[in-house]
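Under my numbering, the first residue of the sequence shown is numbered 1, with each subsequent residue one higher.
Hint data in this document are derived by calculation from the structure and do not stem from the laboratory.
Check each hint, because a few of them may be wrong.
[To be verified] The calculated lysine-lysine pairs, modelled on DSBU-like cross-linking and capped at a C-alpha distance of 35 angstroms, are:
no., residue 1, residue 2
1, Lys5, Lys124
2, Lys282, Lys58
3, Lys235, Lys285
4, Lys167, Lys124
5, Lys173, Lys145
6, Lys314, Lys235
7, Lys131, Lys235
8, Lys173, Lys301
9, Lys285, Lys179
10, Lys26, Lys131
11, Lys210, Lys5
12, Lys52, Lys260
13, Lys179, Lys210
14, Lys301, Lys52
15, Lys145, Lys282
16, Lys301, Lys145
[Said to hold, decoys possible] Estimated spans, in silico, between C-beta atoms of each pair:
no., residue 1, residue 2, range
17, Lys220, Arg30, 46 to 54 angstroms
18, Ala23, Lys301, 48 to 56 angstroms
19, Arg228, Arg30, 20 to 28 angstroms
20, Asp35, Gly128, 33 to 41 angstroms
21, Leu3, Glu278, 49 to 57 angstroms
Please read all numbers here as calculations on a predicted model, not as lab measurements.
For each residue, glycine too, the CB sits at the ideal point set by N, CA and C.
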Amino acid sequence: MNLRKQREALEELMLSPHAARSAASKGRQRPEREDPLRPAFQHDRDRLLYCKAFRRLKHKTQVFLAPTGDHYRTRLTHTLEVSQIARTMARALRLNEDLTEAIALGHDLGHTPFGHAGETVLDKLLPGGFKHHQQSLRVVELLEKNGKGLNLTFEVRQGIAGHSKGKGPFLPKRGDKTKLTLEGQLVRAADVMAYIAHDTEDAIRGGVLKRSQLPKPVVKVLGSTLSRQINTMVKDLIAQSLAAGGAVLCMRPEVEEAMKGLRGFLYDRVYENMEVHEDFIKASKVVEELFGMLCNPQYDKTYREYLGGPPPAKLAERQRAAADYIAGMTDRYALNMYQSVFLPHPWGRM
């Protein structure tokens, strides 16, 4: 028996009856020889960790645009915090940690530069719209490895595509049918837990909020600091899910309501706060003008220079390629490209 099969046998012994099994995966986009060392979901986790799109997350906005302070979150540190929270809960519930971590590492790969400001612009400009969770799936299925994709398992791709919830519910109500694995549902919940806690902390650090301004009902249930908030949410989901038998994820209503309350508060006071929003308007202009330039035949030379080939003849294909290219940019790459294309360069001879 090779090491992979030993690990798969351990999964059968140790995991909850409700957990996903690597050996029972619905498979990959393209058949390939199984790894002798790693089960399928662990192999996927490793592929995501080493892909280029994952490395670019370190210079993509979480809340504050292109932050110069060392301690503000970026899209990469957010992803790592989601992964840690999700794995902690998965271990306690005896779910598949490798699958959970793989989904968490891949869930935000499709985010644009400048966070949701960039996403909003591309959603307006691209025919058919643009959503970061759909782009994350496109990254792993098509764009990585020069158009070959990462050839991930169905369960990981499903979890990446299904992680987004916007302002909607982050846990299915009891009795609601969902196609997501419990591991995929766990990442949805961990994503909310991570960003409402750490975005609050960053907003306080950035002077956008004061801790005393946090809603009293939220503070009463969750606490006022990041560590207490994360601790309360994680422990509650674990305890309530185990008490319900482990087949569904659930939380006490008051904890769920407090999480929704903090999320709503952040939308009102931080995400749409004018002190932050002014920079987002500028960032939106950068994305909009870059997209327009890449779709304009007058800039064919620039298109070839940056994308490494001739532009597609059909406008819809050119727009799709422009959106893919812009979505993959880091904040600083987008700003540098904008400066190079649209701003004059100093010139002169000594």
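Each hint tested on the structure:
Taking the CA atoms of Lys5 and Lys124, the gap is about 48 angstroms. The hint is violated against a cut of 35 angstroms. Restraint check for Lys282 and Lys58: satisfied, since their Cα atoms lie roughly 21 angstroms apart, inside the 35 angstroms limit. Between Lys235 and Lys285, the direct Cα distance comes to roughly 43 angstroms. Violation of the 35 angstroms bound is thereby established for this hinted pair. Under the criterion of a C-alpha separation no larger than 35 angstroms, the hint pairing Lys167 with Lys124 is consistent with the structure, at around 19 angstroms.
Of the pairs offered as hints, the one joining Lys173 and Lys145 is violated, with about 38 angstroms between alpha carbons and a cut-off of 35 angstroms exceeded. With a C-alpha separation of about 53 angstroms, the suggested pairing of Lys314 with Lys235 is violated against the 35 angstroms cut-off. With a C-alpha separation of about 31 angstroms, the suggested pair Lys131 and Lys235 falls inside the 35 angstroms cut-off, and the hint holds. Between the alpha carbons of Lys173 and Lys301 the distance comes to roughly 53 angstroms, so the proposed pair goes past 35 angstroms and is violated.
A distance of roughly 38 angstroms separates the Cα atoms of Lys285 and Lys179; the hinted pair therefore is violated under the 35 angstroms criterion. With a C-alpha separation of about 25 angstroms, the suggested pair Lys26 and Lys131 falls inside the 35 angstroms cut-off, and the hint holds. Taking the CA atoms of Lys210 and Lys5, the gap is near 53 angstroms; set against the 35 angstroms cutoff, the hint is violated. Using a Cα cut-off of 35 angstroms, the hinted pair Lys52 and Lys260 holds, with the two alpha carbons roughly 34 angstroms apart.
With a C-alpha separation of about 40 angstroms, the suggested pairing of Lys179 with Lys210 is violated against the 35 angstroms cut-off. Our distance criterion of 35 angstroms between C-alpha atoms is met by Lys301 and Lys52, whose separation comes to about 26 angstroms. For the hint linking Lys145 to Lys282, the alpha-carbon distance of about 32 angstroms falls within 35 angstroms, and the restraint holds. Of the supplied pair hints, the one linking Lys301 and Lys145 holds, its CA atoms being roughly 25 angstroms apart against a limit of 35 angstroms.
Distance hint for Lys220 and Arg30: a CB-CB separation of about 52 angstroms, consistent with the stated range 46 to 54 angstroms. Between Ala23 and Lys301 the C-beta distance comes to about 52 angstroms, which sits within the given range of 48 to 56 angstroms. As the Cβ distance of Arg228 to Arg30 is approximately 46 angstroms, the hint placing it in 20 to 28 angstroms is violated. Between Asp35 and Gly128 the Cβ separation comes to about 36 angstroms, which falls inside the hinted range of 33 to 41 angstroms.
Roughly 55 angstroms separates the CB atoms of Leu3 and Glu278, a value that falls within the hinted 49 to 57 angstroms.
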